[in-house]
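> Sequence:
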Amino acid sequence: MANARKGWLWAAAAGAGLGVAAWLGHQRQQRASATLRDALLGHDAAAPAPAARVRFEQLDALPGPVQRYFRRVLADGQPLILDAQLQQEGSMRASLDTERWMTFSATHLVRPAAPGFVWNARVQVAPLVHLRVLDAYAAGHGASELFAMSALRVGAATPGPELDAGALHRYLAEGVWYPSALLPGEHLAWTPIDEHRALATLTDRGTTVSLEFRFNAMGEVTSVYTPARWCTFGSGYQQRGWEGRVFDYIEQDGMRVPSRAEVGWYDDAGQWQCVWQGQVTGLRYTMQPGE
8 MANARKGWLW AAAAGAGLGV AAWLGHQRQQ RASATLRDAL LGHDAAAPAP
58 AARVRFEQLD ALPGPVQRYF RRVLADGQPL ILDAQLQQEG SMRASLDTER
108 WMTFSATHLV RPAAPGFVWN ARVQVAPLVH LRVLDAYAAG HGASELFAMS
158 ALRVGAATPG PELDAGALHR YLAEGVWYPS ALLPGEHLAW TPIDEHRALA
208 TLTDRGTTVS LEFRFNAMGE VTSVYTPARW CTFGSGYQQR GWEGRVFDYI
258 EQDGMRVPSR AEVGWYDDAG QWQCVWQGQV TGLRYTMQPG E
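Here this note's numbering is used: position 172 in the sequence shown is 179, and no number is missing along the way.
Keep in mind the hints are simulated off the structure, nothing from the lab. Check the hints yourself; a few may be wrong.
Claimed, not checked - Derived Cβ-Cβ restraints for the label pairs, each shown as a range: (1) PRO134 x GLU64: 21 to 31 Å; (2) THR288 x THR229: 19 to 29 Å; (3) GLN259 x THR208: 21 to 31 Å.
Glycine included, C-beta positions come from ideal geometry on N, C-alpha and C.
Please construct the entire structure, taking both the sequences and the accompanying hints into account.
The following block contains the structure:
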């Protein structure tokens, strides 16, 4: 009986130790998320918007498809977006080399005036196992961290200009969910390509990225593309073709935004391979005060 009791005590102590370790790890992940949010929200005044409201008369110099887009998805005289908060659900895979898809749910906070975002996702790896993914762009720098069971930090992207550019590319591509952030200004310019395409170029704190936006006949963005976006493939960073496709526009707070999206990379054979597909399940905007 004494030996059995001792065994139970050791098991209880080990369980308590694991519980404490998990709690401490979870607290560490929560602090990491809060730090990224604070970095984003603390820099919202760094790049003030050029105007407090959308003015269609200021769009005349833009490429034709870009003018049609803004007139399609925005309202003349509406306030600009201060921040956007999205809820997402979908599935993703870790790389082009695996056929294993994992479901996820995520919250996505964006502050266009910063500019920046924090994407906080729970990815289900197995019935009782999940990963927590934190991706962000704040104060001119990208970040990406991975936590097992929302507790143990198991990976992080290497900081540097490649990570910063990749994160800024993502921010620009996802502007279709906060469209007033795509209006031209001191840091963002549009260049014509043809009747259904235009190039958006964004510069923030020394990092410059460009994306080709593609539009349908109604003026809605259908996809965004770049031949060279930085990402980690294999043992380090490399540039590859990347494309995001958006569908099923809905009306929210007087604006039109897509409700579904697919994202993928181009493989060595030049074929687009989807690695992320999701839908917006919740969307809330805070608008800037009007003039």
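> All the hints need checking, so say for each whether the structure fits it.
Outcome of the hint check:
no. : hint                        : result
1   : PRO134 x GLU64: 21 to 31 Å  : violated (57 Å)
2   : THR288 x THR229: 19 to 29 Å : holds (22 Å)
3   : GLN259 x THR208: 21 to 31 Å : holds (27 Å)
Hint 1 alone, counting from the list given before, is not met by this structure.
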